[in-house]
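Each chain, written out:
There are 2 protein chains.
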Amino acid sequence: MEEVDHLAHERNKAQFDVEAMKIVWAGSRHAFEVSDRMSRLVASDPAFRKDNRATLSRKELFKNTLRKAAYAWKRIVELRLSEEEASKLRFFVDEPAYTDLHWGMFIPAIKGQGTDEQHQKWLTLAYKMQIIGCYAQTELGHGSNVQGLETTATFDPKSDEFIIHSPTLTSSKWWPGGLGKVSTHAVVYARLIIDGRDHGVHGFIVQLRSLDDHLPLPGITIGDIGMKFGNGAYNTMDNGVLQFNHVRIPRNQMLMRVSQVTREGKYVQSDVPRQLVYGTMVYVRQTIVSDASCALSRAVCVAVRYSAVRRQFGSQDGGPETQVIDYKTQQSRLFPLLASAYAFRFVGEWLKWLYMDVTKRLQANEFSTLPEVHACTAGLKSLTTTATADGIEECRKLCGGHGYLCSSGLPELFAVYVPACTYEGDNTVLLLQVARFLMKTVSQLGSGKQLVGTTAYMQRAEHLMQCTSDVRSAEDWLKPSFILEAFEARALRLAVACAKNISKAPNPEEGFSQLSADLAEAAVAHCQLIVVSKFIDKIQGDIDGMGLKEQLQALCGIYALSLLHKHLGEFLSTGCITPKQAALANEKLRSLYAKVRPNAVALVDAFNYTDHFLGSILGRYDGNVYPKLYEEAWKDPLNDSVVPDGYHEYVRPLLKQQLRTAKL
Amino acid sequence: MEEVDHLAHERNKAQFDVEAMKIVWAGSRHAFEVSDRMSRLVASDPAFRKDNRATLSRKELFKNTLRKAAYAWKRIVELRLSEEEASKLRFFVDEPAYTDLHWGMFIPAIKGQGTDEQHQKWLTLAYKMQIIGCYAQTELGHGSNVQGLETTATFDPKSDEFIIHSPTLTSSKWWPGGLGKVSTHAVVYARLIIDGRDHGVHGFIVQLRSLDDHLPLPGITIGDIGMKFGNGAYNTMDNGVLQFNHVRIPRNQMLMRVSQVTREGKYVQSDVPRQLVYGTMVYVRQTIVSDASCALSRAVCVAVRYSAVRRQFGSQDGGPETQVIDYKTQQSRLFPLLASAYAFRFVGEWLKWLYMDVTKRLQANEFSTLPEVHACTAGLKSLTTTATADGIEECRKLCGGHGYLCSSGLPELFAVYVPACTYEGDNTVLLLQVARFLMKTVSQLGSGKQLVGTTAYMQRAEHLMQCTSDVRSAEDWLKPSFILEAFEARALRLAVACAKNISKAPNPEEGFSQLSADLAEAAVAHCQLIVVSKFIDKIQGDIDGMGLKEQLQALCGIYALSLLHKHLGEFLSTGCITPKQAALANEKLRSLYAKVRPNAVALVDAFNYTDHFLGSILGRYDGNVYPKLYEEAWKDPLNDSVVPDGYHEYVRPLLKQQLRTAKL
Ligand SMILES: Cc1cc2nc3c(=O)[nH]c(=O)nc-3n(C[C@H](O)[C@H](O)[C@H](O)COP(=O)(O)OP(=O)(O)OC[C@H]3O[C@@H](n4cnc5c(N)ncnc54)[C@H](O)[C@@H]3O)c2cc1C
Ligand SMILES: Cc1cc2nc3c(=O)[nH]c(=O)nc-3n(C[C@H](O)[C@H](O)[C@H](O)COP(=O)(O)OP(=O)(O)OC[C@H]3O[C@@H](n4cnc5c(N)ncnc54)[C@H](O)[C@@H]3O)c2cc1C
Ligand SMILES: [Ca+2]
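Keeping their order, the protein sequence lines are chains A and R. Residue numbering for the first sequence follows the numbering used here, beginning at 33 and increasing consecutively. Residue numbering for the second sequence follows the numbering used here, beginning at 33 and increasing consecutively.
The following block holds chain A by itself, in its conformation from the complex:
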C-alpha cells in the first residue's frame, strides 16, 4: 500500500496472524468486510477530507459539516447501502453532525415510545430524511434529573391540542445536538398537564422549523449554544437552545405507546409495560460502550506506532537511540490501554448480545432480568467512557511534545470524545444507580432469590466472603480462576462492607448518601469484574488463527493485573490477596509487557484503521512521521506570510520604542 514502511521491522516481529485478528476485532468476517469497505470508501473520497478542520472558523466548519452530511446521504442513497453499511459510513466520516441525533436518538425514541400509527407516519418521513429530528430533553436547569424538567405540555380539550411552553429561563431546552440550526422536528420532553394536574415527563413530537423556508415556527426561539471544547471536535454540531411560547401541537403527537391522553383528556396507561422504555436506554448505552473501544483503540494505535518510531536516549557508540516503546514506564502506561481497548471491544460485543436477549424477553413480557441489565449497561457505560477519556489523554502525553499538536489527532480526539462521560447519564450518577442495585442485591443474599447474569457470582457469597487466594507463583496469575476469584471477592466484599455501614446509619437513605463515595467504588469494582469476566469468556471460546489466543491471553492478563495494581488497596484491605501475591502479580505483569512488546504494532494494525480515520501524522501506517509533520506545519494560516499580520502595528513600534504614539 505505502511505498516506505518505517514500521516493517516491527510488523515482521509479530507472532500472530494479523489478518485473523482483524476478524476477531471486528466481531465477524461480515462485520470486518463492511467496516473495511466503508472506511476505504470514505478515505478515498476527497469530499470527506478532514485534515483542515483545526483552522476553519466556526461558520466554515459548520457549513462544511452540512455539506459532508448531505454528501454522505447522497452516497448512501446512490449506492443503496444497507442500514448497517450506512451507519458504518457515517461512523468513518468521523464528524459529529445532526445526523447522529436523527438516526441515533430521534428515530429510536419514536420507535421505542411511539404507537404503530406514529411509527407509520413519522418513521416513514424520518427514514427518508424528509424531516430531520433531534432529541430535546435536557434544559438549562436540568440534565441528570429528568423528572425535574420544567417545560410544560398542557392539554387543551377545546382544540384537542397540547400547548408546549417554557415557563422559565431555566426551562429552555439546552444541549440537544442538531437543534441549533438544522432540525425540523424534535422529540421534546415536557411535563404533561391535564386539567391542572401534573402527570410527569412525557415525550412529544414537535415541528420546530418550516419545511419551506427553515424559519422557526411561530412561538419558537432557537439558537446555537456556542463553542465547546476543542477546535473542530464537537463544534461541527449545532447543540441548541430552544424556547416555546405557547406552541400548539395536535394531541396525536404525544408519544403514546405506554401512556395515552384521550380526546376527553383522560390519562390512561396502555397495556404495553412501561419497562419497554428501558430497551432504548440499553440500546443507546450499548452503542456508547462500543464507541468507547473505537475511540480508545484509535488513540492507542497512534501512541503505539509513534512510540515505535520515536527514539530518545540510549544510543550506544553512535547507533540509533532506544525506541521509546522499549522503556518500561512507557509500556506500563501504554499496554494497559491497549488491553483495555480489546477488553471494551469484547464487552461491547457481549452487550450487543445482551440487548438482543433483553429485547426478546421484553417481547415475551419477561421483565425479571431488566434491573440487572439496566445496572450492567449503566455501569459499563460509566466505566468504559471514563477509562477511554483518560486513556486518550494518556496516549497524547505518551507522544511527548508532538502529541500536543492538532496534527497528532489526539487533542481533537480527546475533545470530541470526552462529553461521553457526561451525556446519556453523568458517570457518577450512573455509578450510584449501579450501587443502589448492588445494595438491593446484597440485601437479598441468603433469601434464596436466584441471582442471574452479572450478579450470579454473588450467589457464592459465603465462599467469596472468606476465601483467600491460592496464588503461589507469578505464573498462577495467568489462570482465569485465580483472577476471577480475586475480582469477585473484592467486588462482593466492598459491596457487603458498604451495606453493613449503611445499616449503621439512622436510615438507609441517609446511610446511602453518607457512603456514596465508597458506594461508587464498589460499583466500579463490580463493573471491572464484568469486563474481566467477559474477556475471559472470550479467550475461553473458539478463536482461530495462528497465535491469536496467546496474544489475547496476554492482553487479558494485562487488563486484569493492571487493574489489580491500580486498585491494590481494595484487594488488600478486603483480604482478597496478600502483599506477597500482589508482588507476584506485578512480576507477571512485567513479563506480560515483554510478551506483548514485539506484537504491539501488529496488535494495533488489527484495528484496521485507515490513515484517514486515524487523522494523525504520528499514527501513520507507514511511520513516516517527521517529513509529514514538517510538511503539515507550513499549512497553518499564520504561515501565509513571512511577516505576520500585526507586525507593523504591534511589534515594530515596540522594538523601536515607539509605543507611546501607537494605536493599540
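Watch out, some of these pointers could steer you wrong.
Because identical chains cannot be distinguished in the list, a pair is counted as satisfied if it fits within a single copy or across any two copies.
[Said to hold, decoys possible] Below 27 Å or equal to it, Euclidean Cα-Cα: the simulated DSS-like pairs (lysine-lysine) are:
1. K95 to K82
2. K598 to K532
3. K688 to K106
4. K54 to K570
5. K612 to K598
To be clear, the hints were calculated from the coordinates, so they are not data collected in a lab. Keep in mind that this is a model prediction, so the values were computed, not measured.
Assemble chain R with the ligands onto chain A, guided by the hints.
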C-alpha cells in the same frame, strides 16, 4: 461589588476570616496588594478583553495577542511598573505570548549562562525589548534527550565565527515559543564543533530576523508549527520551526560563562562551576509549581462556586433541589482538589525560598545540596503539573454538561495548561531522575553520610523500616506526626524495595530499567511526602486570622488522607498501616469534608480572582449563572443568521430529496 449575590448565603456560612486568608494565600500582604492591584488593572481595561477568544480564527487570534502584548508593555512603561508588578500584570493578561519566553527563558538563559560582557550587551537590549528573544532548544527529533540535539555550531578560526547549521530534517528546531513569527533573536542550543571535535551542546545567541523589516536573515527558514490543543488556548503562541543553512555568528555570541572558545579555537572551562547552570533550572521549575497552584485553584474556584449554584434532584415538597456540592461523591472528587490547590501553593512558596537558599550557596561555592534540590524541584514539577492537569479536567466534569462549553472557561484552561506536563522536562522522565537520586541515597544509607533537606527523613531508616502506625481512632489521623510517619515509612519502604530488586538484576542499569515503573511510583511517594510535610510546616507556623488555622488543618488532612486513600495499596503492602487504620482514615476524611463544606465558597474566594481572570460564567463571583450562559450563547457566529449558511446548498436539497442534482 455585584448587585445580586446568589452565593451570599454560602459566604455567610464561612467560619473564618476570608480577608486574612487572602493574605495567607498570596504569601504576604505586599504580594496580595500587588496581585490585587494588577488583576484589577487588567480586568478593568477593555483592551484586555478575552471573552471572544474561542471564535477568532488563528490569524485574528494571533494578531490580537500581538496587540495585547504591546499594549501591556506600553502600560508597564507608562505606569513605571516594577519587575514584580510587570510580571503579575502579564500573568493576569492570561494569554500565552512571545513575552513569556522572552522574560521567562531568553533572559534567564543569558543571565545564567552568559558572561558579564554578554549581560552588558544583550540584557540591556532585552530589558527594553529592543530585541525579542526565544529559547530554541528542542528539535523535531530531540526533546527530552538534550544531549542528542543535532544542530551544529562549527568554529571557523579564519573568520572567528561559528557556523550554525541544521544538517538533517530532524535537526530543525521545533516548538520554541515566540519563534514562529515574532522573535528577533534566540538562544540556540547546538553541538559545538572545533576542528572536527564535538564538545557537546552549548548555547548561542543568534539573530534570526532583521530589525528593519522583520524578514528572516539569510540562511534562516522559520515558520509556525501549526494548531495545538484547544481553541484559543496556546494558539496565541507562535511555537516555531527553524532551520539554519550555514549561518555565521561572531564567536562572542556563544554563551561563555562556563566554557569558552578562544580566538585560537581552544575549548577551555572557566573557573565558574558548571553546577551554576542548575540554578536556572531550579528557578524555572519553581515558577512552574507556583503556576500549577494558580491553574488548579482557578479550576477549583469555578467548580466550587458552580456546585453551590447548581441544584439537581432531591427536592422535597416542591422546595429547592439539593445543591450538587452537598453530594458526597461531588465532595470526594472536589475537596481533595481544593486541598491540593492550597498544598501546591505552600510548597511553591517553600520552593521560592529553596531557590534563594541554593543561589546563596552556589555563590559561596557550596554545591552539596544541589543534587537534593535538583531532584526535589524536578519531582515537584512532575507531581504538581500532573495533578493539576488531571484536576482541571475533573473540575470540568464536576460541572456536568455545562462544563463542556467554552464559556465555562474550563476546556480552554485545560488545553492551555496541559503542556506543562511535557515541557521543561517530560513528567515521566523527571520522575525517573528523582528515582535515580533516591536509589543513590538509599545506597548510601548506613554509610554515615549526613542526609539533608527533603531526604533527612531517610536518616531514620531503621525506625521507618519497621515501625507500625499507632493510629487508634479516626481523630488520631489529624495528628501531623501520625501522618508524617505513615508517608515517610511508605516512601522509604518503596524506595528500599526497589533498591533490593535492582540488586537482583545482572547489573544496576538493567535492574533500573526493568523496575522503572516501580521506581516512578517510589518517586511519586517521595514527592507527595514533601508536599504533605511542607503543608504541615505551614500550619504549624504562625497563622493569624480568625479560624484560618482550623480551615488549613482540615485541608491539610484532606490532602494527606485522600492521597492515602488513593495509594492505599502502597501503604498496606508495605505494612505502614493496617486495613483497620485505613478505614479510620476514610472515616476522618468524610468528617473533614463535612467540616470544609460550609467554608468551601469562602475558601475559593480567598484566591481573590477577578471574574476577568476566571473567564468563566459558571465561576462568576455573583453566581448569576443561567441568565449569563443564555446571553453568551447568542454571541456565537452561528447565531448571526437564523437560517444557517449552507442551508440552501446542503439541507434543503436533502429534505426535498433533490440531492442527486445538488453540487456537494
Ligand atoms: C456534547 C453534549 C451533547 C449533548 N446532547 C444532548 C442531546 O442531544 N439531547 C439532550 O437532551 N441532552 C444532551 N446533552 C445533555 C446531557 O444529557 C446532560 O449534560 C447530562 O445528562 C448531564 O446532566 P447535567 O449537565 O445536568 O449535569 P449535572 O447533573 O448538573 O451534574 C453536575 C454535577 O453534579 C453531580 N450530580 C448530579 N446529580 C447527582 C446526584 N444525584 N448524586 C451525586 N452527584 C450528582 C454530577 O455527578 C456532576 O458532577 C448533551 C450534553 C453534552 C455535553
Ligand atoms: C506547548 C509547548 C511549548 C514548548 N516550548 C518550548 C520552547 O520554548 N523551547 C524549547 O526548546 N522547547 C519547547 N518545547 C518542547 C518541550 O520542551 C519538549 O516537548 C519536551 O522536552 C518533551 O520532549 P519530547 O517532546 O521530545 O518528548 P519525548 O522524549 O519524545 O517523549 C515521548 C515519550 O517517551 C518517553 N520517554 C522519553 N525518554 C524516556 C526515558 N529515558 N525513559 C522513559 N521514558 C522516556 C516520555 O515519557 C514520553 O512518554 C515546548 C513543548 C510544548 C508542548
Ligand atoms: Ca509505632
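Consistency of the hints with the structure:
| no. | hint | in the structure |
| --- | --- | --- |
| 1 | K95 to K82 | both (13 Å within a copy, 26 Å between copies) |
| 2 | K598 to K532 | both (25 Å within a copy, 22 Å between copies) |
| 3 | K688 to K106 | between (58 Å within a copy, 12 Å between copies) |
| 4 | K54 to K570 | within (15 Å within a copy, 58 Å between copies) |
| 5 | K612 to K598 | both (16 Å within a copy, 20 Å between copies) |
Hint violations for this structure: none, all hints satisfied.
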